[in-house]
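**Student:** Okay, here's what each chain looks like letter by letter:
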Amino acid sequence: MRRRLLAIIRKEFIHILRDFRSLMIILLMPILMIVLYGYGITLDMRNIPFAVIDDSNTPESRALVRAFSDNGFFLLVPERITREDVQRVFSRRSAGMVLVIPADFAPSLSTAAVTRVQVLVDASDSNVGTFIGTYSTQVLRLFNQRRGAAPPALITLEPRILYNPDMKSAYFFVPGLIALLLILISALLTSITITREKESGTMEQILVSPIHPVEIIIGKVLPYVTIGFAIGALILVFAQLIFDVPMRGSLPLLSLMSTLYIFVSLSFGLLISTVSKTQMDAMFRTVMATILPTFMLSGFLFPIASMPLPLQAVSQALPATYFLVIIRGIMLKGTGLAELWPQAAILAGIGVFILAVSIRRFRMRLD
Amino acid sequence: MTPEFAVSARELRRNFGAFTAVDGISFDVRHGEIFGFLGANGAGKTTAIRMLCGLLPPTSGSATVAGYDIGRQVHQVKGAIGYMSQRFSLYDDISVGENIEFYGGVYGLSRAAIAAKSKSLLADLGLSDQRHLLTKSLPLGWKQRLALGTALLHEPSIIFLDEPTGGVDPISRRRFWRIIYELAEKGTTVFVTTHYMDEAEYCNRISIMHQGAIVALGSPTALKQEYGLGTVQDVFVHLITGTTDR
Amino acid sequence: MQQILYLVQKEFRQIFRDRFMVGFLFIVPIIQIFVLGNAVTTNVVNVKVVMHDADRTPMSRDLIGRFTHSRYFRVVAVEDDYTALTRILDRGDASLALVIPRHFQRDAVNRDRPAVQLLVDALDGNSSGIALGYVSEIVQRYQADAVLRDPALAAPMAGTHRAELEPRYWYNPELESKVYIIPGIMAILLVIVTIFLTSMGIVREKEIGTLEQLMVTPIRSYQLIVGKIIPFAALGFVEMILVMGFVYLIFGIGITGSIPLLFAEAMLFIFTTLGLGILISTIAETQQQALFIGWFFMIFAMLLSGFFIPIANMPPSIQAITYANPVRYFLIVLREIYLKGTGLSDLIPETLSMAVISLTVFTAAVLRFRSTLR
Chain F
9 MRRRLLAIIR
19 KEFIHILRDF
29 RSLMIILLMP
39 ILMIVLYGYG
49 ITLDMRNIPF
59 AVIDDSNTPE
69 SRALVRAFSD
79 NGFFLLVPER
89 ITREDVQRVF
99 SRRSAGMVLV
109 IPADFAPSLS
119 TAAVTRVQVL
129 VDASDSNVGT
139 FIGTYSTQVL
149 RLFNQRRGAA
159 PPALITLEPR
169 ILYNPDMKSA
179 YFFVPGLIAL
189 LLILISALLT
199 SITITREKES
209 GTMEQILVSP
219 IHPVEIIIGK
229 VLPYVTIGFA
239 IGALILVFAQ
249 LIFDVPMRGS
259 LPLLSLMSTL
269 YIFVSLSFGL
279 LISTVSKTQM
289 DAMFRTVMAT
299 ILPTFMLSGF
309 LFPIASMPLP
319 LQAVSQALPA
329 TYFLVIIRGI
339 MLKGTGLAEL
349 WPQAAILAGI
359 GVFILAVSIR
369 RFRMRLD
Chain X
4 MTPEFAVSAR
14 ELRRNFGAFT
24 AVDGISFDVR
34 HGEIFGFLGA
44 NGAGKTTAIR
54 MLCGLLPPTS
64 GSATVAGYDI
74 GRQVHQVKGA
84 IGYMSQRFSL
94 YDDISVGENI
104 EFYGGVYGLS
114 RAAIAAKSKS
124 LLADLGLSDQ
134 RHLLTKSLPL
144 GWKQRLALGT
154 ALLHEPSIIF
164 LDEPTGGVDP
174 ISRRRFWRII
184 YELAEKGTTV
194 FVTTHYMDEA
204 EYCNRISIMH
214 QGAIVALGSP
224 TALKQEYGLG
234 TVQDVFVHLI
244 TGTTDR
Chain D
617 MQQILYLVQK
627 EFRQIFRDRF
637 MVGFLFIVPI
647 IQIFVLGNAV
657 TTNVVNVKVV
667 MHDADRTPMS
677 RDLIGRFTHS
687 RYFRVVAVED
697 DYTALTRILD
707 RGDASLALVI
717 PRHFQRDAVN
727 RDRPAVQLLV
737 DALDGNSSGI
747 ALGYVSEIVQ
757 RYQADAVLRD
767 PALAAPMAGT
777 HRAELEPRYW
787 YNPELESKVY
797 IIPGIMAILL
807 VIVTIFLTSM
817 GIVREKEIGT
827 LEQLMVTPIR
837 SYQLIVGKII
847 PFAALGFVEM
857 ILVMGFVYLI
867 FGIGITGSIP
877 LLFAEAMLFI
887 FTTLGLGILI
897 STIAETQQQA
907 LFIGWFFMIF
917 AMLLSGFFIP
927 IANMPPSIQA
937 ITYANPVRYF
947 LIVLREIYLK
957 GTGLSDLIPE
967 TLSMAVISLT
977 VFTAAVLRFR
987 STLR
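Residue numbers (the numbering used here), protein chains in the order written: chain F, 9 to 375; chain X, 4 to 249; chain D, 617 to 990.
Bound conformation, chain F alone (with noise of 0.2 Å):
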């Protein structure tokens, strides 16, 4: 039993390193994404330009485009524009906001208890449109203040940033790639080289041969656990050693975890390739039901809770939306099985049924 195992999982290796090439190109996509998103890159925005309409043209509006211009967040466009310009800068992305001051501004600014200031904002990126929307609110609130014109404070408010102090996006972004990476590895590959062996008719070979069905799946399977492992570890070394993305709680649960969701992959890996016919049918199937699925709905980017009803729904039945609050839990919040059991019951609970399904059509197909 054991040596047969053994020809199998070498026999597997040896397919894996002479495919190298493919392997490369699919961990090229992390690399990259490691790169870009590790090195703390934010949405946030710097130096937006604005252009300024000052119709009241007093010392005070020059203080309120000053407190606009000052602060880093916005730069002043030197243009002198009319209000029948704004479509035209607008479309010329010489600026992406444009700050109107009535005419009547320093007159109204000491009379009158609420002078409105006009803000435009070319809002067909939205997250830039939120930023300038943001940004404008504090320059106006410190201009406010400087004038002594504050709201009074009534209460104070005191975040206290947990988990993330500095709230570095490679905290976030790398237990995400981990499970990103896990489930690539585990369900493409594995679909596809059990795939392959039935295009090329090398399946029938070993299936008249004294090998169990459980045997195959194992000896092919484990190759790709063990370079999913390897990988996974590579990343957390790396991430440690450059972002300093910590390890806060239990390497050993962690790497149970990972094996938990490993498994997991590898059964839905093992269902496509049973309703799959050749090698270009399982990759779609497998990008399309495990692999697109994870990268948009698990949580690994966007949050789940700003998703429509049905798409959260969806997001429940995915292994990976789980795996990345036991991976995020232990890894940056150092909890442990005490407060992650429901995730990792779930989690086996999606294992066990997909594989049961799976080794059922697999012997159905032997029959």
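If you are wondering where the hints come from, they were derived from the structure by calculation, not from laboratory data. For glycine and all other residues, C-beta sits at the position ideal for the given N, C-alpha and C. It is possible that some hints are incorrect.
[To be verified] If you want the footprint, here are the derived chain D segments under chain X, 3+ residues with CB under 8 Å:
(1) 629-642
(2) 812-826
(3) 829-839
[Unchecked claim] Distance windows between CB atoms, simulated:
(4) S208(F) with D201(X): 27 to 37 Å
(5) L975(D) with L83(F): 28 to 38 Å
(6) G156(F) with P965(D): 41 to 51 Å
(7) A760(D) with L83(F): 23 to 33 Å
(8) L137(X) with P350(F): 46 to 56 Å
(9) V842(D) with R101(F): 33 to 43 Å
(10) L345(F) with A693(D): 21 to 31 Å
(11) S65(X) with I22(F): 37 to 47 Å
(12) L83(F) with G20(X): 55 to 65 Å
(13) A928(D) with L345(F): 39 to 49 Å
(14) L137(X) with S208(F): 20 to 30 Å
(15) P876(D) with P350(F): 50 to 60 Å
Starting from the known structure of chain F, arrange chains X and D on it as the hints suggest.
**Tutor:** Quick look at chains X and D alone, frame taken from chain F:
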């Protein structure tokens, strides 16, 4: 003006890096002849045929096919020849009739000509009722004859066949060779590579290639007499193992 | 010319006979638009908050009520045990905890500025930053209202004059991220259809040997290339029109600018991606390799296009690479025409860049393709 020979090669050579696949071969093929190209796998047959069809430029040497120079007149060469390889090269995912239509169109035949040719080809093959069938559902032997038919749509004066009968059952092979004979009778030159020695016996003349060079050339009968052996197979084995031992 | 027509006809026959392919071409984009349009959002809503109210006065309840009624937050629990809060955050059941101290109302009225503690799960730095912004907005408004309601609190405010902001968000008044993201998805879809179908289509012909068969026919290599390009360019266009109609029906996003201009720019872009497809086909030996290389190109182009990350925020060396990325320019062009109605005169740098890239890629592709043919 018809050229003297259908195919004429002079010192044709092709290197891939340091490896010499075809080592300066020279030969002539007469019009209407069935010319067999024999050799073990890797002897250089396919490289030679690819050069003659204009798929691969020679490193040195020259050749004319149907009177056209394979270096300078590739386009004319391609218009004058038909080619069929062991892979049959039909589109599996379109129908039998559509394959014929496509290749006819690619060779620049008119719609009317395509329709007429298609009808007679399908009738010859006994596939008239199956013209709407996807090509992949045809048995191998049929596919192979269909491929030959499509390669002949434009009535080339020379047809190159690169191991056309690989993997086909004996009955189909015999049928295939019957078509080849008919072609030759109508004056088409047939240039065929094979490693089935029984097929070699059907050729007017054969050349045996080994390690990029032609080691023997002549009619099967002449070669058997020269080496005093009973079959082409014996001649072949004698030549190949003999040269290796040396 | 006639030969090209036969090539195009054959290509269409192959595509439409393959049911999987037809599904892939026409159903997948619709699903993708729907899922991506809704999932890939930088808007942060429904942030889960847990409240701890040690005061239990009208004022503290008012503050909590403002979170309950905000669409940005979802109050998952009001927890009486302060020590349980961190556990709730640890478990991930909430990502914010708001702690209202004892004597909150009394201290506020006495102008002692009671400290409201906010525990923030900052794993997702971006989202939590945005959520913090929402909190401070709510608190500001809360204070302003409290002052209005209670003249005693307003005393120190009397006689001051404030300037107030009146923002107008052009092109996207609700600041919905899907308005921004959907044109981007169109670009991705075009890339998928053109790069993958072209490269895999050609490599498949290599694999089964039909390419070799075509090469011994008197067909010219330019005819072969044109015959491959026309069907996939046409499919790309059909796909784009389909997606545009769908986007209008489902998301109500229509084209503001000139449709002919949009199509002309799309043509330029499709030329580039088709060129890439051909280039890939000359490198790849098998369809699987073509798929991997195509995938790699696509991910690379997407990440470096400004779609997910603003280009201005990338390290300078990586920013330099993005100048060679056609998707970068096409995204700008698409959005400008789609959302803002920008005309060609304001899109000249982008158009020229795309033209240069397109020409380079295409020339390289054709040269390589021709050399592999001979």
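**Student:** What are the numbers of the hints the structure violates, in ascending order?
**Tutor:** none
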